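Chains as they are written, first to last, in the working numbering: chain H, 1 to 397; chain S, 1 to 426.
Among the hints, a few may not be true.
If you want a taste of the chain S side facing chain H, the calculated C-beta under 8 Å gives, among others [to be verified]: (1) T163; (2) D167; (3) P171; (4) E281; (5) T298; (6) E309; (7) V325.
Derived from the structure by calculation, the hints contain no laboratory data.
Quantities reported herein were computed from a predicted structural model and do not represent experimental measurements.
Think of the CB as a built atom: it goes at the ideal place given N, C-alpha and C, for glycine as much as any other residue.
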Amino acid sequence: MRKTVLLPLAALALVPALAACTENASESGGETGDARALTVTSSADACEVSALSAPAGTLSFDVSNTGSDVTEFYLLAEDGLRIIGEVENIGPNLTKTLTVNAPEGSYVTACKPGMVGEGIRADFTVDASDEEAEVSASDQELIDQAEANYRAYIQDQSAQLLAKTEEFVALYEAGDSDDQARALYSDARMHWERIETVAESFGDLDPKMDAREADVDFAAGEKWTGWHLIEKDLWPAEAQKYEPLTPAERKKYAADLLANTVTLNERIQATGEEALEYPIDAIANGSIGLLEEVANGKITGEEEAWSHTDLWDFQANVDGARVAYEGVQALLEQKDPELAADLTAKFDELDALLDQYRDGDGFVLYTDLSQDDVRALANGVDALAEPLSQLTSTLTA
Amino acid sequence: MKDRARLSRRGLLGSGAAVAGVAGAFALGRVSDGSTPAPDAGPVTTYPYFGEHQAGIITPAQDRLHFVALDLTTEDRGEVVDLLERWTESAARMTQGAPAGPVGPVEGAAAAPPDDTGEAIGLPASRLTITFGFGPGLFTDAEGRDRFGLADRRPEALTPLPTFSADVLDPRRTGGDLCIQACADDPQVAVHAIRNLVRMGFGTTAVRWSQLGFGRTSTTSVTQATPRNLFGFKDGTANLKAEETSDLDAHLWVGAGDDPPADWLAGGSYLVSRRINMTIEVWDRQPLESQELFVGRTKGAGAPLSGGEEFTEPDFAMAGSAGPVIPTDAHIRVVHPSMFDGARMLRRGYNFVDGSNDLGGLDAGLFFLAYVRDPRTHFIPQQRAMATNDALMEYLRFTGQAVFAVPPGVAEGGYIGQGLFSPART
Numbered sequence: 001m002r003k004t005v006l007l008p009l010a011a012l013a014l015v016p017a018l019a020a021c022t023e024n025a026s027e028s029g030g031e032t033g034d035a036r037a038l039t040v041t042s043s044a045d046a047c048e049v050s051a052l053s054a055p056a057g058t059l060s061f062d063v064s065n066t067g068s069d070v071t072e073f074y075l076l077a078e079d080g081l082r083i084i085g086e087v088e089n090i091g092p093n094l095t096k097t098l099t100v101n102a103p104e105g106s107y108v109t110a111c112k113p114g115m116v117g118e119g120i121r122a123d124f125t126v127d128a129s130d131e132e133a134e135v136s137a138s139d140q141e142l143i144d145q146a147e148a149n150y151r152a153y154i155q156d157q158s159a160q161l162l163a164k165t166e167e168f169v170a171l172y173e174a175g176d177s178d179d180q181a182r183a184l185y186s187d188a189r190m191h192w193e194r195i196e197t198v199a200e201s202f203g204d205l206d207p208k209m210d211a212r213e214a215d216v217d218f219a220a221g222e223k224w225t226g227w228h229l230i231e232k233d234l235w236p237a238e239a240q241k242y243e244p245l246t247p248a249e250r251k252k253y254a255a256d257l258l259a260n261t262v263t264l265n266e267r268i269q270a271t272g273e274e275a276l277e278y279p280i281d282a283i284a285n286g287s288i289g290l291l292e293e294v295a296n297g298k299i300t301g302e303e304e305a306w307s308h309t310d311l312w313d314f315q316a317n318v319d320g321a322r323v324a325y326e327g328v329q330a331l332l333e334q335k336d337p338e339l340a341a342d343l344t345a346k347f348d349e350l351d352a353l354l355d356q357y358r359d360g361d362g363f364v365l366y367t368d369l370s371q372d373d374v375r376a377l378a379n380g381v382d383a384l385a386e387p388l389s390q391l392t393s394t395l396t397a
Numbered sequence: 001m002k003d004r005a006r007l008s009r010r011g012l013l014g015s016g017a018a019v020a021g022v023a024g025a026f027a028l029g030r031v032s033d034g035s036t037p038a039p040d041a042g043p044v045t046t047y048p049y050f051g052e053h054q055a056g057i058i059t060p061a062q063d064r065l066h067f068v069a070l071d072l073t074t075e076d077r078g079e080v081v082d083l084l085e086r087w088t089e090s091a092a093r094m095t096q097g098a099p100a101g102p103v104g105p106v107e108g109a110a111a112a113p114p115d116d117t118g119e120a121i122g123l124p125a126s127r128l129t130i131t132f133g134f135g136p137g138l139f140t141d142a143e144g145r146d147r148f149g150l151a152d153r154r155p156e157a158l159t160p161l162p163t164f165s166a167d168v169l170d171p172r173r174t175g176g177d178l179c180i181q182a183c184a185d186d187p188q189v190a191v192h193a194i195r196n197l198v199r200m201g202f203g204t205t206a207v208r209w210s211q212l213g214f215g216r217t218s219t220t221s222v223t224q225a226t227p228r229n230l231f232g233f234k235d236g237t238a239n240l241k242a243e244e245t246s247d248l249d250a251h252l253w254v255g256a257g258d259d260p261p262a263d264w265l266a267g268g269s270y271l272v273s274r275r276i277n278m279t280i281e282v283w284d285r286q287p288l289e290s291q292e293l294f295v296g297r298t299k300g301a302g303a304p305l306s307g308g309e310e311f312t313e314p315d316f317a318m319a320g321s322a323g324p325v326i327p328t329d330a331h332i333r334v335v336h337p338s339m340f341d342g343a344r345m346l347r348r349g350y351n352f353v354d355g356s357n358d359l360g361g362l363d364a365g366l367f368f369l370a371y372v373r374d375p376r377t378h379f380i381p382q383q384r385a386m387a388t389n390d391a392l393m394e395y396l397r398f399t400g401q402a403v404f405a406v407p408p409g410v411a412e413g414g415y416i417g418q419g420l421f422s423p424a425r426t
């Protein structure tokens with residue numbers, strides 16, 4: 001139920017991999033003499049850029065909208081087609097900043113008040129300088145490689161999720177194999193948790209598949225389905241006045257979970273126009289988002305309220321975050337080697353900490369953790385999540 | 001020494017009459033106090049206790065809060081009335097800067113505990129207001145039994161709030177038969193008021209839960225600047241304000257005839273409280289742009305993302321490059337009055353930090369207080385929409401709630417809730 005982190009390719013017109021925008025970023029303004037800090041005034045019929053040229057390097061354009069329509073600002077390549085960087089959705093009287101790495105060359109600036117048409121264009125020149133931008137061909141290779149690898153990982157986990165869910169619902173439906181179903185539950189769910197930020201981006205499926213009882217507004221007529229409903233039925237010991245589900249109900253909820261898993265997998269495996277796109281910032285945000293999932297749900301023991309298998313989910317979230325991070329690690333090492341070294345170390349530390357709670361093939365139950373154990377795990381999550389939250393902005397700066 | 005202590009407690013307004021006859025001294029000529037609050041600026045240190053409406057609702061929001069919910073431990077209606085009379089008298093005194101009891105913190109017999117606990121000696125009234133409310137449990141208990149012969153006058157809308165999705169309500173922070181809201185610019189003054197009123201109730205009431213708040217998160221008057229919540233965003237920009245008198249009648253005050261069996265509540269309101277924990281540490285790691293998209297406003301100026309300045313009306317139809325500029329799950333859209341037939345609330349919430357939780361994170365958030373004419377139209381639908389659609393929900397946990405009927409103001413010589421317990425014969 002989080003913000004969507006990825007879009008089908010068809011909906012994703014253009015992703016400026018190396019552009020980022022922030023509102024009112026307080027970089028040194030044009031007045032102070034920084035030739036790379038420019039201002040843009042976008043009105044209904046004009047697009048005034050504070051200079052016609054700038055030295056190569058990291059340029060910032062503070063775009064103020066003085067018109068009455070939403071506006072956008074683009075830095076385009078010389079051909080006027082390829083987007084080097086863009087900042088969108090600037091409401092009237094608001095300012096946003098485009099930060100973009102631009103090597104020497106000829107460019108075109110464009111304001112697009114009302115977001116329609118070609119926009120109000122002008123030529124813009126980037127002059128040679130010592131601080132030449134480092135958008136090299138090898139960067140693009142790293143980006144392409146990261147995207148391909150991450151897609152493959154997500155697709156593989158989704159396929160495994162489907163296979164184990166099929167097995168799980170068969171055991172659950174059978175009614176006489178609950179011990180085996182319980183054993184498979186946390187194992188199957190690890191595949192979900194590894195790709196949770198992707199799975200959750202499908203707002204129609206996530207509430208049906210992964211809602212906790214407390215998430216459901218029964219008074220408003222919402223129905224509870226999915227993993228956690230079955231979890232409660234398999235681990236009813238702590239439930240108050242619990243009525244076990246009938247064989248017919250088991251069949252119904254099992255079929256529903258499987259059908260939704262099939263739909264999820266179809267979307268993840270889709271090709272062509274329907275294929276999911278994993279731009280570099282989505283991969284980075286996926287890594288950050290999975291750590292957030294740990295901090296929000298797993299560390300508190302709320303995710304698996306009946307089975308108490310939260311540490312399996314915890315490990316799986318960290319696995320997924322780590323894979324996403326490692327996919328962009330080479331790129332990060334070029335941009336900010338210190339952050340890369342810190343993140344690598346913090347992932348190792350968190351994994352080592354989790355290893356202390358391994359038990360056989362799995363983990364100890366959340367209810368077996370002491371308050372000090374939980375605190376130590378929370379500290380480990382915070383220690384990683386804080387620097388990790390810089391990942392996207394560092395990669396796209 | 002005795003006299004000095006007593007006088008200093010009254011601060012600028014010190015006069016013999018204020019202590020001995022506070023009711024008369026401040027009620028006369030100020031009956032409309034509740035609807036025409038003095039501006040925030042200037043040397044105002046007291047608000048009248050008596051008036052058409054209770055103070056502490058449209059009064060310009062003070063900086064600090066101490067709120068307590070109590071359970072009635074008696075089954076004797078006479079004891080309840082007696083307590084309400086004593087509370088009224090004490091509240092009238094304390095809001096004018098005088099001690100809680102008629103004697104004072106150091107003026108009484110050496111062998112007896114003082115009738116005022118003393119921590120407010122030397123402090124001005126600090127704009128203290130004390131506001132009382134009645135919970136569902138004053139009328140009927142959990143089994144529906146009429147506790148004090150008041151069940152037939154129970155307001156129809158006064159029922160425990162439903163549980164909303166994603167609520168993690170702590171029973172020890174939920175509900176209550178009575179409530180007292182003390183607001184002041186000095187936290188010690190607010191705490192002093194609650195402490196002394198709770199003390200007076202022992203044997204008749206017992207504390208169910210209480211909440212301290214620092215930092216108001218709403219403005220209730222156009223004279224006040226919009227404060228910020230712990231997400232760092234301006235909060236309460238679109239709040240119902242004291243100067244919007246026709247909207248106050250439409251959305252805040254219970255009207256005569258709204259609920260005939262509960263006509264004693266006319267001129268009063270309903271108070272909804274929700275203790276909203278924020279997952280501060282996770283929020284702090286969100287990119288600025290995402291934070292603004294969740295809220296629907298810029299963080300700096302508080303302007304809606306559709307442009308303009310803080311008080312520019314948001315334009316929810318304004319299209320952006322992918323969907324509207326103000327996203328469909330942005331907080332300001334989901335809870336905007338235009339989505340609820342124009343229903344508005346008067347919010348009077350406070351930031352709170354109750355130390356740290358077991359994980360080392362801040363136990364912090366927003367203690368949401370809203371006064372409305374009817375929670376069934378002015379709160380429940382809004383909360384339900386928020387629980388279902390609001391992007392901020394990812395960072396919120398609702399850990400307590402309660403609802404109270406807030407009786408109208410008290411006339412000099414009367415007591416709070418008198419219209420409920422002793423309805424005028426007609």
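Hints and how they fare:
no., hint, verdict
1, T163, "7 Å, holds"
2, D167, "7 Å, holds"
3, P171, "14 Å, violated"
4, E281, "6 Å, holds"
5, T298, "6 Å, holds"
6, E309, "7 Å, holds"
7, V325, "5 Å, holds"
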